[in-house]
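Engineer: Listed below are the residues making up each chain.
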Amino acid sequence: LAKTTQPISMDSYEGQEVNITCSHNNIATNDYITWYQQFPSQGPRFIIQGYKTKVTNEVASLFIPADRKSSTLSLPRVSLSDTAVYYCLVGLKMDTGRRALTFGSGTRLQVQP
Amino acid sequence: DVKVTQSSRYLVKRTGEKVFLECVQDMDHENMFWYRQDPGLGLRLIYFSYDVKMKEKGDIPEGYSVSREKKERFSLILESASTNQTSMYLCASSLRGRGNEQFFGPGTRLTVL
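Residue numbers (my numbering), protein chains in the order written: chain A, 4 to 116; chain B, 214 to 326.
Treat the hints with care, as some may be off.
Beyond 12 Å from chain B on every Cβ pair, some chain A residues (computed) [stated by the list, open to error]: (1) Gly18; (2) Thr59; (3) Ser73; (4) Gln115.
Among chain B residues calculated to face chain A with C-beta under 10 Å, some are [unchecked claim]: (5) Val217; (6) Ser220; (7) Phe233; (8) Phe246; (9) Leu256; (10) Leu258; (11) Phe261; (12) Asp272; (13) Leu303; (14) Cys304; (15) Ala305; (16) Gly312.
Result set (EDC-like, lysine to aspartate or glutamate): computed pairs, CA atoms no more than 16 Å apart in a straight line [unchecked claim]: (17) B:Lys284 <-> B:Asp251; (18) A:Lys6 <-> B:Asp272; (19) B:Lys216 <-> B:Asp239; (20) A:Lys96 <-> A:Asp70; (21) A:Lys96 <-> B:Asp239; (22) B:Lys268 <-> B:Glu285.
Don't read these hints as lab results, they were simulated from the structure. It should be emphasised that the depicted structure is a prediction, and the values quoted were computed from it without experimental measurement. Quick reminder that beta carbons are idealized off the backbone N, C-alpha and C, glycines included.
Could you build the full structure based on these sequences and the hints that come with them?
Structural biologist: The structure is reproduced here in structure tokens:
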């Protein structure tokens, strides 16, 4: 069954590095891996996107192994304001042969002072 | 800045009513999406549209229909609302060829009594 899998929740403290992994074993060949952040009462917001190896921007890094069956969102030195739900979005090859953009079920990150 | 707006933040309807949820984007995006978001299930795609008058079913289209008569507007229609359609509904848009980089509206929380 083609799907994406993320941990349900994670806890951290301010100043720590947080790594959230998404498994997507049926990723479509030419598809990017994208991560979103969602705060309560808001729609998800794009954070970072990558195809392979490593991508870094001002808020996060994204690590993608050579087989691309998983990806890890890395948040350096989190603060209280990083408390949110994080989603991965991947194009998956379905059993029907169709490609379907599929969100993971989300990881709720709680940052403590 | 891309802006995606949804017609209502909160909506309460009765079983059997016809419900219209409206979404408007101001960045001339070709792609538009409708999702529902439920606890523990993440975001599930209902329908998407890649051009005016074009639509494709997502993962859970049953009980829903859509309309895209103008490029900036994408409507979700519940022909006969049922209690199991109580949910958060999120609209998103993206440029053609960049379906992974979606811009979301704030969501409409629909309650069907």
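Engineer: Checked against the structure, which of the hints given earlier come out wrong?
Structural biologist: 6, 7, 17 and 21
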